[in-house]
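Starting from the structure of chain W, add chain C where the hints point.
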Amino acid sequence: MRQVLASLWFALHSAGQNFRRNLGVSLAGVFTMGLIIFLVGGSLLFTHSVDTVLQGQEQNASHLKIYLSDNASLAAITNFESRLKDDPRVISVTFETKDQAKQQASQNPSISSALAVLGSNPLPASLNLDVRKLTYLSQFNAEAKAMPIVDSTTPTDYNSDVIGKLNTVITVIEWVGAIIAIILLTISIVIIMNTIRTAVYSRRTEIEIMKLVGATDWFVRWPFILEGMLGGLLAAIFSGAVVFGAYRLFVQAAQGNLLSVPFDARYTITLLIVLLVGGVAVGAFGSFLGVRRFLSA
Amino acid sequence: MSVAVAERSAAPPQHALRPVISFHGVSKVYPNGTEALRDVDLAIHQGDFCFLVGPSGAGKSTLVRLLIRDEAPSTGRIFIDGQEVSRMSHRKLPKLRRKFGIVFQDYKLLTRRTVAQNVAFALQVTRPGQRHLREKVEEVLWIVGLEDKLDKFPDELSGGEQQRVAIARALVHRPRIFLADEPTGNLDPDTSWGIVQLLLQINHRGTTVLMATHNREVVDLVRRRVIAIDNGRVVRDEAEGSYLREGTATL
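In order, the protein sequence lines correspond to chains W and C. Here the first sequence stands for residues 1 to 297, numbered as in my numbering. Here the second sequence stands for residues 298 to 548, numbered as in my numbering.
Chain W with its partners taken away, still in its complex shape:
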C-alpha cells in the first residue's frame, strides 16, 4: 500500500514538475491539442447546426398526398388509413374528402372559376401523410401506386425531382462533415504524438537513468501519461470554452438574420463532455506512444 501510494505520489509529483519545468514545450503541446480540439468541436457543432436546419426543412417537405379513386369504397379507405396510421414511418394521416379538396382549391380564384364552369367536382379525395424521413416518401409513392383504391392516373403529388435534390444536399453535407472529422482526427493524432515525442525527447536522460537503475516500464510511463492527461484536460477546457462561446455568438447572430438555428443545450453539454474525455484520452494515448520508443531496450 505504502509502495503504491509512493509510486502514485512520485508520478503525480514528477508529472507536475515536468510540466512546469518544460513549460514552453508543454504549452506548445497544449496549444496544438487545444487548436485541434477546437477544430473538432467547432466542426461537430457546425455540422450539427446545419443538420438541425436541414432537418427542419426536411420536416416541411415530408408531406405526401395520396389521391383516391372516386369509386373507392369508404370501408377500403378507412382500412388503408388505419394501416398507414400504424406504420412506424408515419407521423400523421388525415383524410381529405372531395368537398374539402374543392373548398381548398377554391381559395385560388382561377381554379374556383374553372370549377364553376365544370359544374361537377373533378378533384379527388386524398389521404394526407406526414412521414418521418424524406426517403420514406418514395416508398409510400410506390406502395400507393399498387393500391386499387388509389387514383391510377395521378396516384400522389410526389415530386421526385425536388425531394431527390434536397436528399442529395443532406447526404453530401453529412459526408463532407464526416470526412472533415476523420481528417482532423488523423492530423490531431499525428501532431499530438510528435509534440509529446518532442517533450519526451527533452527528458531522455531521465528515462535513461530510470531504466539504468532498474525502474519498471510502467513506473517510467506513468508520469508522462499523467502529464499528457493534464495537457489534454487543459487543452479541452480552453478550447471547449472557446467553442461554447463561439456557438452562442453564432446562434445569436443567426437569429438576427432569417436563418434560425436553435441553441441545442443537450447536444452542447454532451459535446463538451466528449471533448474533455477525448482530450484526456488523446493526451494519455499520445504520451504512451511517445514514450514507447524510449522504453524499447
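Treat the hints as calculated values from the structure; they're not laboratory data. A couple of the hints might just be wrong.
Said to hold, decoys possible - Part of the chain W face toward chain C, derived, beta carbon under 7 Å:
hint : residue
1    : Arg2
2    : Gly214
3    : Ala215
4    : Phe219
Ideal Cβ placement from N, Cα and C applies to all residues, glycine included.
Chain C alone, transformed into the frame defined by chain W:
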C-alpha cells in the same frame, strides 16, 4: 618480466564456487555487420576488482551493455548471479538492473535536481516508499565525500565531484556489481586517482567492481586483474596485470 601462463585467470581460493558474472562463447554482431565481440569467455567472482582495457572500439562498451542487457548477445550465454540474462524477457530486466550500480564517462546527472535529489531519484524509482530515504542518501554521500554538497546543483560542482555524485547514485541501492564505463575519461590525473581510490574502497566493502578504462597510469598503479580486449577478443586476462603486456608496447 613476463607473466607465466599458469597465472592466467587464477582464482583466489576464497571465491565462491559460482562466478557472479560469466560469459560462455559470447559474440555480438550488430545489425550493420560490425562484429563487436568474438567468442568471449569470462568468469568474474564476487569481490573481484577488474580493469577492462583496450583501444576505442575494441568492444569494452559492448561488453558492459551486454551485462546490463541493454543489448542481447548474437551467440553464447551470459550468467549474472547464476541467472541467464542473454535470453531474459524484457519484463525481468528491471530486477536484473537493480543488481548493478553503473557510472559513465558523462556522469548522466539530472541538472535540475540537487545532489541529494539525484541520489534519492535512484531509490524513488526502484523502491517507492523507501523509509529513511534522507539518511540513506546522506550516508552514501558521506562515503563519496560530498556530505557538504547535498543541496548543490550538478552545474555548481567540478567534474570529479559530479562523478562522485554519479557513484553515490549507483551505490545507494547497495548493488552487488559496480560497473564503471570510462569513469575517469573526462577527469585530470589527480581527480582520476581519487575516483579510482573510491572504487577500490567500494570493492573493499565486498562489491564486485568492473571498470572499463583507457587510463594507463591508474591500471599500472593499482595492479589488479586486467582483462584486455582488442578487436572484439579477450587477448589477455591477468590477475595482477598492467595496461600493456609486460615489457611490450601492445595490449
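* Please name the hints from earlier in the document that this structure breaks, with their numbers sorted from lowest to highest. => Per hint list: zero violations.
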